[in-house]
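Peer 1: Let's have the full structure, built from the sequences with the hints guiding it.
For reference, the chains in residue letters:
2 protein chains.
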Amino acid sequence: MTRHYNFCAGPAALPTAVLERAREELLDYQGRGLSVMEMSHRSPEFVAIAERAEADLRELLAIPDNYRVLFLQGGASLQFAMVPMNLLSGGGSANFLHTGIWAKKAIAEAKRLGYPVHLAASSETNGHARVPRQEEIALAADAAYLHYTANETIGGLAFDYTPAARRPDGSEVPLVCDMSSSILAGPLDVSRFGLIYAGAQKNIGPAGLTLVIVRDDLLGRAAGGIPTLFDYQALAEAGSMVNTPPTFAWYLAGLVFQWLKDDIGGLEAMAAINARKAEALYTAIDASEFYANPIAAANRSRMNVPFVLADERLDEAFLAESEAAGLLNLKGHRSVGGMRASLYNAVPEAGAAALIDFMTDFARRHG
Amino acid sequence: MTRHYNFCAGPAALPTAVLERAREELLDYQGRGLSVMEMSHRSPEFVAIAERAEADLRELLAIPDNYRVLFLQGGASLQFAMVPMNLLSGGGSANFLHTGIWAKKAIAEAKRLGYPVHLAASSETNGHARVPRQEEIALAADAAYLHYTANETIGGLAFDYTPAARRPDGSEVPLVCDMSSSILAGPLDVSRFGLIYAGAQKNIGPAGLTLVIVRDDLLGRAAGGIPTLFDYQALAEAGSMVNTPPTFAWYLAGLVFQWLKDDIGGLEAMAAINARKAEALYTAIDASEFYANPIAAANRSRMNVPFVLADERLDEAFLAESEAAGLLNLKGHRSVGGMRASLYNAVPEAGAAALIDFMTDFARRHG
Chain A
6 MTRHYNFCAG PAALPTAVLE RAREELLDYQ GRGLSVMEMS HRSPEFVAIA
56 ERAEADLREL LAIPDNYRVL FLQGGASLQF AMVPMNLLSG GGSANFLHTG
106 IWAKKAIAEA KRLGYPVHLA ASSETNGHAR VPRQEEIALA ADAAYLHYTA
156 NETIGGLAFD YTPAARRPDG SEVPLVCDMS SSILAGPLDV SRFGLIYAGA
206 QKNIGPAGLT LVIVRDDLLG RAAGGIPTLF DYQALAEAGS MVNTPPTFAW
256 YLAGLVFQWL KDDIGGLEAM AAINARKAEA LYTAIDASEF YANPIAAANR
306 SRMNVPFVLA DERLDEAFLA ESEAAGLLNL KGHRSVGGMR ASLYNAVPEA
356 GAAALIDFMT DFARRHG
Chain B
6 MTRHYNFCAG PAALPTAVLE RAREELLDYQ GRGLSVMEMS HRSPEFVAIA
56 ERAEADLREL LAIPDNYRVL FLQGGASLQF AMVPMNLLSG GGSANFLHTG
106 IWAKKAIAEA KRLGYPVHLA ASSETNGHAR VPRQEEIALA ADAAYLHYTA
156 NETIGGLAFD YTPAARRPDG SEVPLVCDMS SSILAGPLDV SRFGLIYAGA
206 QKNIGPAGLT LVIVRDDLLG RAAGGIPTLF DYQALAEAGS MVNTPPTFAW
256 YLAGLVFQWL KDDIGGLEAM AAINARKAEA LYTAIDASEF YANPIAAANR
306 SRMNVPFVLA DERLDEAFLA ESEAAGLLNL KGHRSVGGMR ASLYNAVPEA
356 GAAALIDFMT DFARRHG
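Protein chains in written order, with the numbering used here: chain A, 6 to 372; chain B, 6 to 372.
If you are wondering where the hints come from, they were derived from the structure by calculation, not from laboratory data. By construction, the Cβ of each residue, glycine as well, lies at the ideal position given by its N, Cα and C atoms. Treat the hints loosely; a few may be bogus.
As the list claims (entries may be wrong) - Per the computed footprint, the stretches of chain A lying under chain B, defined by three or more beta-carbons under 8 Å from a beta-carbon of chain B, are:
id: 1; region: 38 to 44
id: 2; region: 75 to 83
id: 3; region: 290 to 304
Stated by the list, open to error - What follows is a set of in silico ranges between Cβ atoms, one per label pair, in the way DEER data are often shown:
id: 4; chain 1: A; residue 1: V52; chain 2: B; residue 2: A297; range: 51 to 59 Å
id: 5; chain 1: A; residue 1: D362; chain 2: B; residue 2: N71; range: 51 to 59 Å
id: 6; chain 1: B; residue 1: T365; chain 2: A; residue 2: E29; range: 35 to 43 Å
id: 7; chain 1: A; residue 1: G229; chain 2: B; residue 2: A228; range: 34 to 42 Å
id: 8; chain 1: B; residue 1: A60; chain 2: A; residue 2: P49; range: 33 to 41 Å
id: 9; chain 1: B; residue 1: N71; chain 2: A; residue 2: Q35; range: 34 to 42 Å
id: 10; chain 1: B; residue 1: A325; chain 2: A; residue 2: Q35; range: 15 to 23 Å
id: 11; chain 1: B; residue 1: G342; chain 2: A; residue 2: P49; range: 50 to 58 Å
id: 12; chain 1: B; residue 1: A325; chain 2: A; residue 2: S176; range: 52 to 60 Å
id: 13; chain 1: A; residue 1: A113; chain 2: B; residue 2: E50; range: 26 to 34 Å
Peer 2: In structure tokens form, the structure reads like this:
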């Protein structure tokens, strides 16, 4: 068996220790004679798995008691619809920070559904090379919430602060954040947010699971005519089991949370590791004339590092040689080209080091 | 490692051979150095897995070329909303056959969303002990489609024929079927249907995947203002990859399809096995004064066999002793009580035989 270094932007690398544990239990979970996949979601065994996962996540992120944790389906893209369908039924506008492709998709979905949209700030004019500063953010007078994307997976642009969400009159509105590609990369002050959501397939677990962390007072705002499975309150009341949840993905997420607690030592430790990986790679890029990343230093993502080669005619060779060297999935997103190294939690420091060594060697040979 | 017989109604037993194959490949898929869970859904490796799964399913069910196969999230319960949101935007009413708890949920969701609903027939008056006969079904003049539940997982009631879906004037409307708990139990004439959907967690794979088989002419009917991920046409055009699909569940479904083809020998063979399992169990129930099942012979489900004990005070002992004997998850649904043995594809004939032996012995000791 071989495990290569996997820099995929998502579905992304999972900790080898988590996959080993899952493999060990795959046909027979702790002597029960069946797989977790084969358990009723209402069985005591699965309920214990589900509750343990939530408890570990609450501990890792220090989630306050007045927040509910939901384990859902549909990905961040379904949240693009669910958020306005829950939070705008009382009127008002959805306010957005536009920072790249994922923010744009969230904005487009709210518009598609016919909701009033207000662009509170955009980094489009600077080519999404830096995030809007707090003083550049201007909410509408009727803002019902402010939505932003903490980390743009494709652009490699990350917020280095948590925006305040205030209307012109100073009143505060809920802050909603798509944290798909940065949640669990480090500690987080959940109390600053009204709602956080994240597709699992980067730092949480396999694709097919979506995490939502929502403040109690934002439940029960949905209008009556939306699908039952869109109603955060119905989902919260049923413990994310209005219908059968993605049980195996939930279990795997729980194993990832245990790994973060026990093997890594919590999110402070994880953040330190992530900082070292990213700093090493950006330093190598900046020190080279061969590689380049356009993002302002303060807003460089620690999770997704896009970079281009000085001569794009070398892209193909770079990809072929890196793959042959066991460095997988370095191709940039099809919409932007170039390269992208995603350094999620499960990518070890040795993986980042191996990538840097390869890049240095490649530049020497082709530069 | 122990593998017990698992009669869970869902998430349900998976073939041991499928789980063994998944275990073998879990950390390193065919020497690629990563798990299927860690692959980009747009990578050549995963696209090959996804296409193979669809091709095998098409072969198993002989799906005509003018039908699209979608691999989605959200379960049958999300289809309760998606179907009317796609098929009723041109007006008309949703017509239903009411045959039990799952049909009722589908009806309730269409009503919740504000669509006109017409009950074309109901088995409520006979206690859902037999399905409506064709001559009892009366569609509305403005019927846009007829929805029914092929197999009621909780009630153990199954259709023994495919209803015709005709308005009073004789014009045909699309037939929509929830096949969550009976798909792949045997051959199927897909051409009779406009749309078939099924949650995966019975005969297809793990929870978190939903299969939709939809006729081409029913695409593109959705109104503009529904979520992108609800639009069958958008999903079909993107090959079920508008956003990241549940890749690992899709892969496992593919392994189940391969098992059906290669290990079982196709759906005719599967149907014969399922018939033998169910017949043996119903025969044992009918031969006993100790066990009873109330469903009309022709409509008894081959997948879900609910039964009651002559004395419900023995329920607890039955459940404790059966579990101790390695016969898992025989408790009936919390809404109806009693027992339920689900005999999905992955439950082997030896499992049904072991259950019957246990039941006979239990009746002898307690009868």
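Peer 1: Hint by hint, which ones does this structure get wrong, listed from lowest number up?
Peer 2: 3, 4, 7, 9, 11
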